[in-house]
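Enquirer: Input sequences plus hints: build the corresponding full structure.
There are 2 protein chains.
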Amino acid sequence: MAKQKKTQRPKAQTPKGFRDYFGAEVAQRTEMLRVIAGVYHRYGFEALESAAVETVEALGKFLPDVDRPNEGVFAWQEEDENDNGDWLALRYDLTAPLARVFAQHRNDLPTPYRRFAMGPVWRNEKPGPGRFRQFYQCDADTVGSGNVAADAEICAMLADTLEAVGIDRGDYVVRINNRKVLNGVLEVMGLSDDDQKANVLRTIDKFDKVGESGVRELLGKGRLDASGAYIDGVGLSDAQAEPVVAFLTSKADNTAGTLANLRAAIGDSEVGAKGVEELQSMADLLAAGGYGPDRIVIDPSVVRGLGYYTGPVFEAELTFEIKDDKGRPRSFGSVAGGGRYDDLVKRFTGQEVPATGISIGVDRLLAALHMKGRLDTDTTGPVVVTVMDKHRMADYQAIVSELRNAGIRAEVYLGNPKSFGNQLKYADQRNSPIAIIQGGDELEAGTLQVKDLILGAKIAETASQEEWSERPQQFEIPRAELVERIKALLDEQNQ
Amino acid sequence: MAKQKKTQRPKAQTPKGFRDYFGAEVAQRTEMLRVIAGVYHRYGFEALESAAVETVEALGKFLPDVDRPNEGVFAWQEEDENDNGDWLALRYDLTAPLARVFAQHRNDLPTPYRRFAMGPVWRNEKPGPGRFRQFYQCDADTVGSGNVAADAEICAMLADTLEAVGIDRGDYVVRINNRKVLNGVLEVMGLSDDDQKANVLRTIDKFDKVGESGVRELLGKGRLDASGAYIDGVGLSDAQAEPVVAFLTSKADNTAGTLANLRAAIGDSEVGAKGVEELQSMADLLAAGGYGPDRIVIDPSVVRGLGYYTGPVFEAELTFEIKDDKGRPRSFGSVAGGGRYDDLVKRFTGQEVPATGISIGVDRLLAALHMKGRLDTDTTGPVVVTVMDKHRMADYQAIVSELRNAGIRAEVYLGNPKSFGNQLKYADQRNSPIAIIQGGDELEAGTLQVKDLILGAKIAETASQEEWSERPQQFEIPRAELVERIKALLDEQNQ
Numbered sequence: 000m001a002k003q004k005k006t007q008r009p010k011a012q013t014p015k016g017f018r019d020y021f022g023a024e025v026a027q028r029t030e031m032l033r034v035i036a037g038v039y040h041r042y043g044f045e046a047l048e049s050a051a052v053e054t055v056e057a058l059g060k061f062l063p064d065v066d067r068p069n070e071g072v073f074a075w076q077e078e079d080e081n082d083n084g085d086w087l088a089l090r091y092d093l094t095a096p097l098a099r100v101f102a103q104h105r106n107d108l109p110t111p112y113r114r115f116a117m118g119p120v121w122r123n124e125k126p127g128p129g130r131f132r133q134f135y136q137c138d139a140d141t142v143g144s145g146n147v148a149a150d151a152e153i154c155a156m157l158a159d160t161l162e163a164v165g166i167d168r169g170d171y172v173v174r175i176n177n178r179k180v181l182n183g184v185l186e187v188m189g190l191s192d193d194d195q196k197a198n199v200l201r202t203i204d205k206f207d208k209v210g211e212s213g214v215r216e217l218l219g220k221g222r223l224d225a226s227g228a229y230i231d232g233v234g235l236s237d238a239q240a241e242p243v244v245a246f247l248t249s250k251a252d253n254t255a256g257t258l259a260n261l262r263a264a265i266g267d268s269e270v271g272a273k274g275v276e277e278l279q280s281m282a283d284l285l286a287a288g289g290y291g292p293d294r295i296v297i298d299p300s301v302v303r304g305l306g307y308y309t310g311p312v313f314e315a316e317l318t319f320e321i322k323d324d325k326g327r328p329r330s331f332g333s334v335a336g337g338g339r340y341d342d343l344v345k346r347f348t349g350q351e352v353p354a355t356g357i358s359i360g361v362d363r364l365l366a367a368l369h370m371k372g373r374l375d376t377d378t379t380g381p382v383v384v385t386v387m388d389k390h391r392m393a394d395y396q397a398i399v400s401e402l403r404n405a406g407i408r409a410e411v412y413l414g415n416p417k418s419f420g421n422q423l424k425y426a427d428q429r430n431s432p433i434a435i436i437q438g439g440d441e442l443e444a445g446t447l448q449v450k451d452l453i454l455g456a457k458i459a460e461t462a463s464q465e466e467w468s469e470r471p472q473q474f475e476i477p478r479a480e481l482v483e484r485i486k487a488l489l490d491e492q493n494q
Numbered sequence: 000m001a002k003q004k005k006t007q008r009p010k011a012q013t014p015k016g017f018r019d020y021f022g023a024e025v026a027q028r029t030e031m032l033r034v035i036a037g038v039y040h041r042y043g044f045e046a047l048e049s050a051a052v053e054t055v056e057a058l059g060k061f062l063p064d065v066d067r068p069n070e071g072v073f074a075w076q077e078e079d080e081n082d083n084g085d086w087l088a089l090r091y092d093l094t095a096p097l098a099r100v101f102a103q104h105r106n107d108l109p110t111p112y113r114r115f116a117m118g119p120v121w122r123n124e125k126p127g128p129g130r131f132r133q134f135y136q137c138d139a140d141t142v143g144s145g146n147v148a149a150d151a152e153i154c155a156m157l158a159d160t161l162e163a164v165g166i167d168r169g170d171y172v173v174r175i176n177n178r179k180v181l182n183g184v185l186e187v188m189g190l191s192d193d194d195q196k197a198n199v200l201r202t203i204d205k206f207d208k209v210g211e212s213g214v215r216e217l218l219g220k221g222r223l224d225a226s227g228a229y230i231d232g233v234g235l236s237d238a239q240a241e242p243v244v245a246f247l248t249s250k251a252d253n254t255a256g257t258l259a260n261l262r263a264a265i266g267d268s269e270v271g272a273k274g275v276e277e278l279q280s281m282a283d284l285l286a287a288g289g290y291g292p293d294r295i296v297i298d299p300s301v302v303r304g305l306g307y308y309t310g311p312v313f314e315a316e317l318t319f320e321i322k323d324d325k326g327r328p329r330s331f332g333s334v335a336g337g338g339r340y341d342d343l344v345k346r347f348t349g350q351e352v353p354a355t356g357i358s359i360g361v362d363r364l365l366a367a368l369h370m371k372g373r374l375d376t377d378t379t380g381p382v383v384v385t386v387m388d389k390h391r392m393a394d395y396q397a398i399v400s401e402l403r404n405a406g407i408r409a410e411v412y413l414g415n416p417k418s419f420g421n422q423l424k425y426a427d428q429r430n431s432p433i434a435i436i437q438g439g440d441e442l443e444a445g446t447l448q449v450k451d452l453i454l455g456a457k458i459a460e461t462a463s464q465e466e467w468s469e470r471p472q473q474f475e476i477p478r479a480e481l482v483e484r485i486k487a488l489l490d491e492q493n494q
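If you're matching them up, the sequences are chains A and B in order.
At position 148 of the first sequence the residue is numbered 147 (numbering that gives the first Met the number 0), and the sequence of numbers has no breaks.
At position 445 of the second sequence the residue is numbered 444 (numbering that gives the first Met the number 0), and the sequence of numbers has no breaks.
If you are wondering where the hints come from, they were derived from the structure by calculation, not from laboratory data.
Some clues are possibly wrong.
For chains that are exact copies, the list does not tell them apart, and a pair is met inside one copy or across any two.
Stated by the list, open to error - Cross-link-like lysine-lysine pairs, in silico, PhoX-like; alpha carbons within 25 Å at most: (1) 220 with 208; (2) 486 with 273; (3) 208 with 322; (4) 10 with 345; (5) 486 with 457; (6) 220 with 196; (7) 389 with 273; (8) 15 with 345.
Expert: This is how it looks when you write it as structure tokens:
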């Protein structure tokens, strides 16, 4: 045979940091999003689906002097004659598009505008294990209301949503804090240097990990890390650090106690007092709605990184225990977060438009439900009608059509029918519950052979047919009783 | 007041050719996709969701010497040190990613692999009225089966899908043709010049518009367009053109007649005979499954543009009449198409992998259902609890929580409560069925005022309250009977 010229073949690979989702994974996410949309809808929120692509200008994360503005986003320039086309980018979250949508359509939208959105977002970041560059978010926001009742509503809805998708009450908690209280604390400390402020905020964010003494060290001279590295401190005196520690440790046994501690921590700061008042209002509203601190709690240790929050911030944590990489128990952690951001729409319109919202990390929540065994998606494959005689495809097609018309998931084997073993292997790989066989004898007798693959698998597992002797693994049925007998067997299997 | 420095504000605009979808539009599409997924699943297909982003190499539409490979797609280059990163692109359909997925995961996937996928695709094309650069597709494909039973199954599934989403039997038809028959016709004609072949194919594609005599002209010397422009012909003699015309006009009153005509048209071409045989098999299989020519019909005028089809091709047309731009009646037209493509996976693996599939144009199908009045999405807004006293938000919150817990869509008005008129205007804009009012008097009496906004709208329309006198537009209920009375009124409104 003549040597063929080798041609360069393309690699069959997802780009780095992207992945494919198969079968049950897709169905589980779709179903979870459907349930969440139901709760959001019941709360009066309306669906919004904007395009994946926005102008870089509208996303607004980029400096005008950067040549290729794809820091953190996937961006490209539109072709035009003068090489002067718009820069476009894939959205990196669902909040920036919402600000653009509200600014663009504000004359047609009701105010306040309650909207929810669910879909993929893209981040041009270095991928890592379990860290993908495309992932789902599921957001709900209220635009155009400065009332903390809007924030309280979002928190209540978040609690209802977690329960609706299958997280038991007691296995989650929604924690609330308020940026204004934090600003009050910084004011009381007399910090004027912005860098120092930022360092204090970063330290507060570590409270969860390093605890009170760790925070004291980090606010002061510094601290020896668990890894042995020395972390420089912010350089405050003990007296200066005191309000921060008081703030972080202000959570008491009940809401009234926590609020009293916060009032003490913010001293005579006006903005701090406003923040405490807002927390008090939210607590009152939530209590009136029946949401006690077993579900939604004021917790001053919640900070949330994003710079754009201006008032209440919230975070939903799943509190049940899992094991970490090293087998140590820890709580599952955060699955959703959000807060009030009053300046995002202003970028477009010049007018301040108050807004507040939440974003659920869909994949984290799915992982949690998976761990709790709460994803009961049906992974049963189709009934497989095997092909004993390739010239009789029409007969097999008739069988499968009858089953499908009766609502039963079914298919004819469409591979090469030569090896019957391969057909059964295929049925096994598809997780099929039943194989149907009709050779020449059965055709003549007007019957079908029915093979119970679930029972077959059980027998294979225990290596003993005796305990299943009452139930035959394969049996014959009249062709005319196809649908009723298959239905009955499927019911039996599902018991 | 001092003049403020004017800062450049970003434009709140979707990029050209992209749009936002609101409320019911999103819900209707979601629901339609859910129904379609149900049918596909019943047929044994498994969901697949690949990322929006693929390597340009895997999409494989581009010449290696093009500097920026974004002809028709949105593409960009990954950053790396040597300015030598991979080119990435947004997928332009769901078939190219399927070929990549099957090649990448073929050792873990069952063969044949039946999969469905639904989601947006992107085209970097000039947008026009109703033509967007992001739109939904909904595909089902069987990879790894060369059996035309797979093609027949796809056609049956397409018919079932159209009926499941609300297209009546009789309002659609799935037409089937076979590329091999067409190739047989070209063979019989003795055409060797590829350009001329392509011109003949293009002409065949116009049969729908210009009819038999038009095709004869276009295959010959040319034709005067309706616009007055002269269209050059392919330059065939009348005798040479005859097989094409015979092929195009071979559709008879029944399948047997059509197939006989086709056999005559392809003469002694082997590939043509193979094509007719495949059509015969499909017709037999479909008949056995109960799909008669009222639903699925062999129609030689179906060509389908895409070059990659190698065997059966199909198209679903909605046959009910609509009015075109100029008010003339025409049939709604194509909503889905597909066919067999046996070479797509080979690009990656070198091995031929037969495949066949269908793609539904989701937005076209939604538009059709909209025209037929088959989109009965509930567009009713939430019950709105108005705010008479802003210090009593907790009371209003309690009312709304009770309603939500009873499964009733409800919300508190969260805008500025100063003007009661604005609150009712908001309720109107939200299409709310009911407003609930509790001022000081009602609070004291332990009651609520209930305003029937649906009735109110009806009275406003007819400008006469008399005919509705039995049903009051506003009435008082005991606070304790909130849920049952609101439920009863909603039921009444829905009758």
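Enquirer: Looking at the structure, which of the earlier hints fail to hold?
Expert: 2
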